[in-house]
Amino acid sequence: MARHGAALTASGSHGTRRARAALAVVPITFLLLFFVYPVLAIVGRGLAPHWRANLDPLRSVVTDAALRHVVWFTLWQATLSTVLTVVVALPGAYVVARYQFRGRRLVQALVIVPFVLPTVVVGAAFSGLLGPGGPLGSLGLDQSLTAILVAHVFFNYAVVVRTVGGMWSHLDPHQEEAARVLGASRLRTFREVTLPALRPALAGAAAIVFLFTFTSFGVILILGGPRFSTLETEIYRQTAELLNLPLAAALTTVQLLAIVLLLFVTGRLEGRRTAALRLRPATETAERPRTPGAKAFVAANLVVMAVLLGGPLLVLVERSLHPPGGYGLGFYRALGEVHQGSTLFVSPMEAVGNSLRFAAMATVIAVLVGGCGAFVLASSRSRALDTFLSLPLGVSAVTVGFGFLIALDHAPFDFRGSPYLVPIAQALVAIPFVVRTMTPILRAIDPRLREAAATLGASPSRVWSEIDLPIVMRAATVAAGFAFAISLGEFGATLFIVRPDYPTLPVVVYRLLGQPGPLNFGAAMAASVILMTLTALAVLAIDRFRVGSLGTF
Amino acid sequence: MRRPLLVIVALATVAGALLTAPSASAAPSATPTTTITLLTHDSFAASKSVLAAFTKQSGIKVKIVQAGDAGAALNQAILTKSHPLGDVFFGVDNTFLSRALDAGIFEPYVANGLETVPSEYQLDASHHLTPIDHGDVCINDDKQWFAQHHLAVPTTLADLTKPAYKGLLVVENPATSSPGLAFQLATIAQYGNDGWQAYWTKLRANDVKVDDGWESAYDGDFTQGANKGTYPLVVSYASSPPAAVYYAKPHPKTSPVGTMLSSCFRQVEFAGVLQGTQHAAAARRFVDFMLSEKFQADVPLQMFVFPVRDGTPLPAVFTKFAQVAPKPLSLPASEIGARRDEWINQWQDTVLH
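Protein chains in written order, with this note's numbering: chain R, 1 to 553; chain S, 554 to 906.
Since the hints were derived computationally from the structure, they do not count as laboratory data. There could be a bad hint or two in this list.
Dumping the calculated SDA-like pairs for lysine to any residue here, alpha-carbon to alpha-carbon at most 20 Å [claimed, not checked]:
(1) Lys696/S x His804/S
(2) Lys781/S x Ser342/R
(3) Lys609/S x Thr343/R
(4) Lys880/S x Gln675/S
(5) Lys634/S x Leu408/R
(6) Lys873/S x Gln697/S
(7) Lys847/S x Ser342/R
The structure displayed is predicted, hence computed values, not measured ones.
Go ahead and model the full structure; you've got the sequences and the hints to work with.
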């Protein structure tokens, strides 16, 4: 893998540096305007009203026992969730990476569906399963820590399978075989050969899982019930319900500090590589499971995926197809009929259209902004930029949404109530994924190809268009697909933005769930299934472009 | 490096085209003289035909901007006091009334038609906020469940602490749910400032379940809810019985859900003209319209609450299946405003910790 800056362009390093700086301006400006400025505005209003600093709320986070408890719980549940997710998903990553079996591509695509579903939908699915009346109600897991942990594994399984599995499928199996021939045990081979090679991918995946579970909101509220609160749920309550901006600002500050620290540490782990790796195309490393043991291993992991990921999703499908009086499409029809003539009403087609349009806008923004960031990171490895671009994942949607309100209220930046804020907020969430997808692919451009082309007399622009451009386009396509799927299901940011009425599918689900009566609930399930199907189709479409790529996600 | 710039320019053009798409489709075909913005919560609903009638009669177009639940929407209005997000705000209820008035975000206005509203709903003597609708938060019961279990339906708050009703009630967390808070206020109104905690201690001992919000409680845990839960008593609304008929297909002949009338706490929702509006006259006209017969008659089936205007005809599903508490529990808005945060904290200490 090319790691030095000169690899990006064959022409002089001076121009490269200037181009890189120019490119870096795009993501930095975007984040400064739509993230840093709004967040600083709302935190500033809380901690330094009228430009006079008041640090008492920050102190109270340390001195108040209840708040200390919130910080401590947030930290340990996220750590536990991350460890569990890695432990459960790692064998799955191995299976998907190293074994060929029928439906492997489909499995690879479908595991990601839970990751991009909005929590309202998943919350409804899990409470349908674990709630007192559900098929697993007798386990008594409703409103328990276990329910929270299971839901976190459900959401984040794909992060590990795709990130680590992606790396694993390119590792040369001969190195492991060599170690085994030399007498190392399976465990020792894994520990001393495989694990070090996987470490960057593993650290990257764990960091994302930690970020998501550290800032978990819907899962904690819906599945944990009122006895559990995290920094994120507390920030929401203090901001949206109590309007206690000083305390909300203090909690946001603590959350940000924790996340910067985490990103920095995992960034170091990701960056340190013990030995140069010999990477192989994925098709060369995978084989059919031959021994009975291997077959059982593959089968066991597929069962885990089917139960853990498929179970809750099937509950949604079943609910949507089960109106009173037998199975049928009644709830799907209801989706287009209930509330007709009301301002609440959105036809399913219109909601799908809004969702697709917002997701398309968010994707264009995320790929442009994140793509520029990835170009810079591919040649410079600026840890600070990498951390900076991931920060939006660690800040509460309500903080950003309320920040927009008080920061972006002056011409020419009066964006309040503008429909563009929704895709912009969705892009903030998608950008870190775009960066993480594109950067490794861009880094992987073999400088020898360029040198060879240049030696053979190709002009710099021809080298670019024939060597770099196809790879860049493929990286952009893969990244766009993820950005699209993430924006499609994104809900938190949408909810806290004052917006004119262009309801997306997640918003429709949320609205219907807030109305009484079986028709509304059933229609909400039907809308969830439509959303799920759209997402799955989007992911399947992207995966067609993924062949042979080295995307981390 | 010329080509990436080209690609970026091309992508930016696409982005620009996409970004202009929604505003183009939203442009009104015939531009009325004024457009006002109604800032409200996510539960606001009205018939499109009713709003269209307002536009036709007044030449004023109404743009609806929704901003989260009732608390979040009001807080956003307060935060943006210096640059208001809209011209009219709808959705301040009596539990938030004093916060809204203290923040000084509304202009005083005595709406046309206020004389048709009974005085019990006119809670703002300063006339910054105009009452629009009311609804009762009450305990609902699953009639069928009680019949099958040969158990009498509880009729008083005190009944809920009896061993016979152990583990049958699900409520919402007052810290995160507006019906949850209303029910807590009902118990404070019933048992007084010194007695309500003891009541909740007994409820807790009787295995009351607490959910984060109405959706989890009603759809998730209530035996008549979508998930067919195991709790036949739930904190919900006096309008849940008609809703259970209206939103079912085929419509049942009687409602499967009953209401404990002695447990009801009355919520009144208000609208007001936001201070700093550029369209004060149009905004006032819309508040008048919200009190008109046409809008008031539309309220029940759109938001499942009751109109405040005297003599407004109710739809059949309401007259048949909804009961209105003759003597709902209530507390002065000023007292709620002064003590709500303290009460919520005490509730959490009593019930959760």
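Going through the hints against the structure:
no.	hint	result
1	Lys696/S x His804/S	holds (17 Å)
2	Lys781/S x Ser342/R	violated (28 Å)
3	Lys609/S x Thr343/R	holds (17 Å)
4	Lys880/S x Gln675/S	holds (17 Å)
5	Lys634/S x Leu408/R	holds (14 Å)
6	Lys873/S x Gln697/S	holds (18 Å)
7	Lys847/S x Ser342/R	holds (14 Å)
When held up to the earlier numbered hints, the structure conflicts with hint 2 and nothing else.
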